[in-house]
Amino acid sequence: MIFAPTQKDFSSLLNVLGRLSLILSTFLLGMAIVAAILGEQNPFYDFLITALLGASCGLVFMGVFRQEKELSYASAFLAVAMSWLIASLLGALPLYLSGHFASFLDAFFEAMSGFATTGLSLVQDLDHLAVSLNIWRHLMMFLGGQGIIIVAVAFLFKSTTALGFYLGEARDEKILPNIINTSRFIWAVSIVYFILGSSVLFFLGRFAVGLNIKAALIHSVCIFMAAFDTGGFTPQAMNILYYHSWAWEAATLVLMLLGAFNFNLHYFVWMKKKTEIGKNIETRSFLVSFTFLTLLLNFALFNKSYFSFWPLYRNSLYQLVSAHTGCGFSNLPLYSLRQWPQAALLAIILAMGLGGGVCSTTGGIKLMRLGLIFKSLQFEIKRWFYPPSLKISQKYHHLQDFILDEKRMVWVFSIFFLYLISYFVGSLVGVLLGYPFLPALFESVSAAANVGLSVGITTPSMPSLLKIIYIFQMWSGRLEFIAIGVSLLTLSSLLRHRRSEKIY
Amino acid sequence: MKRFIEVNLSLILLLLFVVGTAEAKKLDIRRLLQKSAFYDNKVVEIEAEAVGLLRRKDGVWLNVSDGFSIGVWVRGDKKIVLPTRFAGYYQEGDWLYIKGIFHAACRQHRGETDIHAEQIKLIRRGRKKTENISSDKKSFAAIMLAIFLVCAMFFSYRQKLWKKKS
Chain A
0 MIFAPTQKDF
10 SSLLNVLGRL
20 SLILSTFLLG
30 MAIVAAILGE
40 QNPFYDFLIT
50 ALLGASCGLV
60 FMGVFRQEKE
70 LSYASAFLAV
80 AMSWLIASLL
90 GALPLYLSGH
100 FASFLDAFFE
110 AMSGFATTGL
120 SLVQDLDHLA
130 VSLNIWRHLM
140 MFLGGQGIII
150 VAVAFLFKST
160 TALGFYLGEA
170 RDEKILPNII
180 NTSRFIWAVS
190 IVYFILGSSV
200 LFFLGRFAVG
210 LNIKAALIHS
220 VCIFMAAFDT
230 GGFTPQAMNI
240 LYYHSWAWEA
250 ATLVLMLLGA
260 FNFNLHYFVW
270 MKKKTEIGKN
280 IETRSFLVSF
290 TFLTLLLNFA
300 LFNKSYFSFW
310 PLYRNSLYQL
320 VSAHTGCGFS
330 NLPLYSLRQW
340 PQAALLAIIL
350 AMGLGGGVCS
360 TTGGIKLMRL
370 GLIFKSLQFE
380 IKRWFYPPSL
390 KISQKYHHLQ
400 DFILDEKRMV
410 WVFSIFFLYL
420 ISYFVGSLVG
430 VLLGYPFLPA
440 LFESVSAAAN
450 VGLSVGITTP
460 SMPSLLKIIY
470 IFQMWSGRLE
480 FIAIGVSLLT
490 LSSLLRHRRS
500 EKIY
Chain B
0 MKRFIEVNLS
10 LILLLLFVVG
20 TAEAKKLDIR
30 RLLQKSAFYD
40 NKVVEIEAEA
50 VGLLRRKDGV
60 WLNVSDGFSI
70 GVWVRGDKKI
80 VLPTRFAGYY
90 QEGDWLYIKG
100 IFHAACRQHR
110 GETDIHAEQI
120 KLIRRGRKKT
130 ENISSDKKSF
140 AAIMLAIFLV
150 CAMFFSYRQK
160 LWKKKS
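First to last, the protein sequences are chains A and B.
Numbering of the first sequence is given in numbering that gives the first Met the number 0, commencing with residue 0 and proceeding in unit increments.
Numbering of the second sequence is given in numbering that gives the first Met the number 0, commencing with residue 0 and proceeding in unit increments.
Just so you know, the hints here were simulated from the structure itself, not pulled from any lab data.
Just so you know, these numbers come straight off a predicted model, no measurement behind them.
Every residue gets a Cβ at the ideal spot worked out from N, C-alpha and C, and that includes glycine.
It is possible that part of the hints are untrue.
To be verified - Below, computed lysine-lysine pairings styled on DSSO-like, alpha-carbon distance capped at 27 Å:
hint, chain 1, residue 1, chain 2, residue 2
1, B, K164, A, K68
2, A, K213, B, K164
3, A, K213, B, K127
4, A, K7, B, K162
Stated by the list, open to error - From chain A, some residues computed to sit far from chain B (all C-beta separations above 12 Å):
hint, residue
5, S71
6, L252
7, L311
8, Q399
9, G433
Throw the hints in and build the complete structure from the sequences for me.
Now the structure itself:
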């Protein structure tokens with residue numbers, strides 16, 4: 000059967016994009032109000048202009064194109080991929096108008112990095128940036144981490160369209176039978192953690208760090224959004240080092256880990272079985288990979304200047320957790336990672352490449368896939384070891400017991416190889432542009448796995464081609480490639496169909 | 000003649016030494032961080048803008064930046080006048096001269112890279128800048144508002160039309 004989208008599909012798709020543009024404009028309008036409250040006049044106008052522009056476009060799309068039918072999966076995937084671009088274009092405008100970005104491309108890079116929860120930044124003179132714009136940078140991470148579409152799904156759409164959106168945003172699993180309830184649950188979990196996390200950070204910021212009340216409030220909200228959504232932006236150029244507090248660092252470590260774990264696991268631990276955390280394939284994969292990488296990292300750093308206990312563990316563990324959870328916070332001075340030995344950088348690259356749980360806010364290959372790849376290797380070894388007459392199966396536990404099947408493994412290996420290709424292509428472009436291999440690989444993995452740690456390549460002065468490549472990596476990595484592939488296919492099919500309609 | 004050459008050579012070497020040490024003092028934070036192993040536990044001098052101040056029981060953390068940032072630890076018992084204006088939106092922080100001991104991985108502060116201040120001098124007082132809004136921006140916002148209202152009316156008209164049809 001040939002899939003041929005109709006005029007109605009096209010119309011419904013543009014209607015949905017119009018609605019999403021309207022939702023984003025509401026957030027931008029909210030930011031204009033925040034800017035007004037803070038007395039920041041230029042950002043107020045910048046947010047207002049962008050909100051009105053987004054809302055006008057949204058209304059035109061919704062007025063011209065009617066949602067005549069529910070979106071198919073393919074069209075929903077295209078809507079998801081397009082919405083990320085539209086969100087980044089709109090999100091970039093107030094940043095660009097602030098004058099803290101060398102070009103619109105830089106502002107677009109920053110917005111994509113925010114929505115994709117990466118954390119690589121091209122902002123100039125961050126310490127003088129308006130507070131409202133700083134909050135907007137972090138809010139983009141929160142919206143992106145929760146899933147921009149999830150916002151819409153939770154409140155606007157019917158169940159069938161919602162499922163397409165949900166899967167398009169690279170969320171493999173439903174938590175509750177109904178997808179709208181799943182989206183609402185994800186938001187409920189996030190809001191509870193938001194209240195708890197921000198309160199703890201506020202308390203620490205006020206009494207352990209020494210911030211004044213206003214700064215403690217702003218920093219706690221911003222850092223929560225960046226940590227829980229494993230984003231990695233910070234309000235100050237010094238990153239986490241600004242706070243000079245191990246207690247603050249410990250709190251962000253907990254938030255990063257919470258954000259990196261599967262929302263399904265949160266649901267089980269909250270509502271059903273607490274013991275699931277010890278049995279789950281993702282937690283076990285994390286423990287194995289984390290232990291291995293900790294040993295590798297400490298071995299690599301042991302004979303450097305990190306000779307005593309605190310420097311070694313505080314700095315190396317923080318960087319490792321930050322990399323593994325895909326957050327990208329750093330408690331080291333800018334570009335200090337560049338001075339680390341190559342083996343230590345390799346450990347960080349591996350951690351970044353692996354990422355956190357599926358159905359979480361992290362990017363990268365993901366723990367579930369890592370676990371399943373090991374299970375599949377185990378299965379192959381068993382298959383060759385036992386007599387052929389013996390029927391062997393391989394089980395794994397994720398909320399319940401599953402038997403490893405071929406269809407699942409094809410999916411796992413496909414995504415795994417797509418990530419490897421993305422990491423490789425990004426580093427190849429970096430090398431071709433004159434950067435040494437290891438830093439180029441580091442930065443490429445950081446972009447594609449939506450981490451945000453940097454060894455100094457990501458600066459406003461880096462070549463535009465590399466900025467575009469990283470933008471593409473962040474976008475495709477966030478949506479796990481499949482949504483992009485399906486979108487391209489849908490788009491070409493849509494255009495071909497429209498052309499043939501015109502001819503006949 | 001030989002004596003004359005010896006004296007001149009010594010003077011030139013002395014001059015080179017003085018210039019060399021004077022240049023070593025002109026450190027920017029980027030160089031300090033890049034050559035952290037070399038400057039570890041040495042007295043350094045930097046000039047930077049005050050970015051933030053965090054008060055602790057036994058002292059104060061002063062964050063400074065000259066494009067690159069570092070934390071400066073000021074012990075509570077040191078009689079050092081602290082800055083009062085810090086970098087922010089349309090706000091220039093106090094520009095400071097800081098002399099102190101640089102630590103690549105400070106043992107006292109659990110491995111942080113920092114400078115323990117010996118002396119801080121105010122070079123230039125920070126100031127609040129006036130925020131100017133261009134009239135173009137205001138006009139553009141007004142035009143966008145008008146466009147938005149037209150779009151809203153268009154949308155509402157289309158909605159009514161679709162309702163009638165259905």
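Practice task
Please flag the earlier hints that this structure goes against, numbers listed from lowest up.
Solution key: 2, 7
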